[in-house]
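Visitor: Sequence:
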Amino acid sequence: MYPFPQSVSPAVRTHMDAQTAFLNDMSKSMFRSFQQICDLNIQLVQTMLEESTLASQQVLSADRQTEIFTAASSRAQPATEKLRAYQQHISRLAAGAQVELARVTEQHVQNTTRTARALVDEVARTAAEETERNIRTQQEALRNATDPFARGNGDARGDGDAQRGQMETRQGAQQAAGQNGRTAGAPTH
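When we follow the numbering used here, the leftmost residue of the sequence shown carries the number 1, and every step to the right adds one.
Accuracy of the hints is not assured; some may be wrong.
Claimed, not checked - Result set (EDC-like, lysine to aspartate or glutamate): computed pairs, CA atoms no more than 20 Å apart in a straight line:
| # | residue 1 | residue 2 |
| --- | --- | --- |
| 1 | Lys82 | Asp39 |
| 2 | Lys28 | Asp39 |
| 3 | Lys82 | Glu50 |
| 4 | Lys82 | Glu100 |
| 5 | Lys28 | Glu100 |
| 6 | Lys28 | Glu129 |
| 7 | Lys82 | Glu51 |
What the hints assert, rightly or not - Restraint ranges, calculated between C-beta atoms of paired labels, are given here:
| # | residue 1 | residue 2 | range |
| --- | --- | --- | --- |
| 8 | His89 | Met30 | 13 to 23 Å |
| 9 | Val8 | Glu51 | 51 to 61 Å |
| 10 | Ala116 | Ser52 | 52 to 62 Å |
| 11 | Thr105 | Leu44 | 27 to 37 Å |
These are computed hints drawn from the structure, not numbers from a lab. Computed from a prediction, not measured in an experiment: that's the story for all the values here. All C-beta atoms, glycine included, are put in the ideal place defined by N, C-alpha and C.
All chains should be modelled from the sequences, with the hints used to inform the complete structure.
Guide: Given below as structure tokens:
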């Protein structure tokens, strides 16, 4: 429907499309209701203008004062009935608009709910993957921090372990030689 950047996931796209379709249908429905109310208002104003024009013509053409009062009172009753009809028509339009909005909502709620669930599942999965990745990174950083002489591949950074092993071997050899020399040079009894 609308162009999305490539980084947006399909779940986000479908949910945004569902939301956009829902909002478009809601706005169309509300606009139709508003248009009907405006048409009704225009019709009421036209009718009232026609009635007031007729009443003013009758008042202006009246010869006696009693005819003026009769003309004015005869127009008051139809005006009241027209206002009552207008009020009933407004009530019907409001009820119809409410029914239409409920229909549009019902029509879109399943799709919107489905896409919202898919979006939540994707966000949860992505969050779990990111959490796992961050935990592994932190564990690796902690291992590197606890053994500062270890290389990234696990070998010793220096030859300290190898040198220590060689020294122990030399010391062991010297001790063995010293014991052999003592036993060889020792007097026999």
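Visitor: Holds or violated: lysine 82 with glutamate 100, Cα cutoff 20 Å?
Guide: The hint is violated at about 26 Å.
Visitor: Just tell me: holds or violated, for the beta carbon distance of alanine 116 and serine 52 against 52 to 62 Å?
Guide: holds, 55 Å
Visitor: Assess, step by step, whether the Cα of lysine 82 is no farther than 20 Å from the Cα of aspartate 39, and give holds or violated.
Guide: holds, 15 Å
Visitor: A range of 13 to 23 Å was offered for this pair. Does it hold for the Cβ distance of histidine 89 and methionine 30?
Guide: holds, 18 Å
Visitor: Assess, step by step, whether the Cα of lysine 82 is no farther than 20 Å from the Cα of glutamate 50, and give holds or violated.
Guide: Holds - the C-alpha atoms of glutamate 50 and lysine 82 are around 12 Å apart, at most 20 Å.
Visitor: Hint check: lysine 82 vs glutamate 51, CA-CA at most 20 Å. Holds or violated?
Guide: Given pair lysine 82, glutamate 51 holds - Cα atoms ~10 Å apart, limit 20 Å.
Visitor: Regarding valine 8 and glutamate 51, is the given constraint of 51 to 61 Å on their beta-carbon distance met?
Guide: With a Cβ separation near 59 Å, valine 8 and glutamate 51 satisfy 51 to 61 Å, so the hint holds.
Visitor: Holds or violated: lysine 28 and glutamate 129, Cα atoms, limit 20 Å.
Guide: violated, 41 Å
Visitor: Is the hinted pair lysine 28 and aspartate 39 satisfied, with a Cα-Cα distance of at most 20 Å?
Guide: The hint holds at about 16 Å.
Visitor: Do threonine 105 and leucine 44 keep their Cβ atoms within the hinted range of 27 to 37 Å?
Guide: holds, 30 Å
Visitor: Does the alpha-carbon distance linking lysine 28 and glutamate 100 stay inside the 20 Å limit?
Guide: holds, 10 Å
The structure is inconsistent with the numbered hints 4, 6, although it conforms to all the rest.
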